[in-house]
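A.B. asks: Sequence:
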Amino acid sequence: MSAAPLRVGVVGVGVMGADHAVRLAHRVAGADLVAVSDPDTARAAELAARFDGVRVVGEPLDLIADDGVDAVLVASPGSAHEEQVLACVEHGKPTLCEKPLTMDGESSLRVVEAERKAGRPLVQVGFMRRFDPEYAEMKRLIDSGDLGRILLVHNVHRNLRAGASFRSEMIVRDSLVHEVDVCRWLFGAEIETITVLAPRPTGHAADGVLDPQVAIFHMAGGGMATTEVFVNSQVGYEVRCEAVAERGNVTIGLGQSVFVRRAGQYGGRIPDDWRDRFGRAYDLEVQAWVDAARRGEVAGPTAWDGYAATAACTAGMESLATGRPVPVTMADRADVLGGGQA
Numbered sequence: 000m001s002a003a004p005l006r007v008g009v010v011g012v013g014v015m016g017a018d019h020a021v022r023l024a025h026r027v028a029g030a031d032l033v034a035v036s037d038p039d040t041a042r043a044a045e046l047a048a049r050f051d052g053v054r055v056v057g058e059p060l061d062l063i064a065d066d067g068v069d070a071v072l073v074a075s076p077g078s079a080h081e082e083q084v085l086a087c088v089e090h091g092k093p094t095l096c097e098k099p100l101t102m103d104g105e106s107s108l109r110v111v112e113a114e115r116k117a118g119r120p121l122v123q124v125g126f127m128r129r130f131d132p133e134y135a136e137m138k139r140l141i142d143s144g145d146l147g148r149i150l151l152v153h154n155v156h157r158n159l160r161a162g163a164s165f166r167s168e169m170i171v172r173d174s175l176v177h178e179v180d181v182c183r184w185l186f187g188a189e190i191e192t193i194t195v196l197a198p199r200p201t202g203h204a205a206d207g208v209l210d211p212q213v214a215i216f217h218m219a220g221g222g223m224a225t226t227e228v229f230v231n232s233q234v235g236y237e238v239r240c241e242a243v244a245e246r247g248n249v250t251i252g253l254g255q256s257v258f259v260r261r262a263g264q265y266g267g268r269i270p271d272d273w274r275d276r277f278g279r280a281y282d283l284e285v286q287a288w289v290d291a292a293r294r295g296e297v298a299g300p301t302a303w304d305g306y307a308a309t310a311a312c313t314a315g316m317e318s319l320a321t322g323r324p325v326p327v328t329m330a331d332r333a334d335v336l337g338g339g340q341a
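Counting in numbering that gives the first Met the number 0, the sequence shown runs from 0 upward without gaps.
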């Protein structure tokens with residue numbers, strides 16, 4: 000491992016990017032936050048001023064090409080990811096790209112192919128649930144074989160509320176994408192067919208937005224998964240997962256706080272957003288990325304995982320529009336990767 004700290008630049012400093020900047024500056028070992036970039040230069044300057052020695056670079060591609068930046072954390076809108084991640088690969092920069100990898104399967108495949116041509120893995124995709132201690136323990140129990148073969152997975156993914164700009168297809172591409180990766184990871188298999196259905200929408204959704212949605216995955220190997228995504232639940236940020244196996248089941252996400260009984264009532268707190276529920280997972284994810292980058296490796300979800308998730312969500316958006324099951328079309332892994340790992 001390199002003795003020098005990894006000099007990291009953050010592209011996109013909205014809520015997610017700013018949170019990562021604080022994480023890199025204060026909670027991650029072996030990394031120095033050195034630069035930030037955002038189209039909102041005033042926001043970028045305000046963030047940079049909170050830390051010593053952090054520069055504002057006006058153009059994201061200039062930050063990526065900067066010789067003073069060793070690695071890049073991409074937290075910009077998904078529509079910018081393809082160009083920015085391809086630039087990171089071109090410059091040989093280890094990259095942590097927030098989900099989705101890109102906006103559709105074809106562009107994600109271009110990233111995978113570019114990384115393959117570069118000759119070494121560079122891209123980690125921000126599916127942080129793999130780093131969450133509860134999800135990690137679920138995966139360990141399933142892989143141990145003690146419960147037998149995994150048969151079903153049931154997911155619930157609810158947000159307190161979403162803005163009017165968060166449209167129906169974004170519920171698939173930007174929210175359901177997490178469960179797509181979780182199910183691929185837990186089953187160790189690809190999604191063969193996806194169906195996305197929607198009941199009559201909640202009155203709290205913006206006009207024309209189908210919310211909630213229910214997705215059904217048929218996995219290679221015969222497993223199945225269901226997911227409810229409800230981004231305007233009005234209750235809080237709830238993420239639960241149950242894996243059903245032949246000799247038992249595992250459930251996570253039942254509550255992070257103290258459970259209290261008093262005055263004829265009982266319950267605990269439901270967090271408002273993802274930072275409460277998954278703050279630790281993000282810390283572990285970014286630390287793993289930094290450690291791996293300093294070794295010249297990639298930890299966790301790869302560019303291929305990002306591509307597979309995007310391909311499934313592309314099919315999911317088609318299913319949402321048609322109401323019919325849609326096969327997930329993917330390139331042959333061996334043909335693209337040549338038998339190696341991306």
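Quick caveat, the hints were computed from the structure, so don't treat them as lab data. In this text, a Cβ means the ideal position worked out from N, Cα and C, and glycines have one as well. Hints may be right or wrong, so weigh each one.
Unchecked claim - Pair ranges (Cβ atoms, derived):
1) 235 / 333: 18 to 28 Å
2) 246 / 215: 19 to 29 Å
3) 264 / 38: 42 to 52 Å
4) 58 / 91: 30 to 40 Å
5) 215 / 66: 44 to 54 Å
6) 58 / 264: 51 to 61 Å
7) 317 / 239: 25 to 35 Å
8) 246 / 66: 51 to 61 Å
9) 268 / 118: 47 to 57 Å
A.B. asks: Against the structure, test the hints numbered earlier, and report the numbers of the ones violated in rising order.
C.D. replies: The structure breaks hints 1, 4; every other hint is satisfied.
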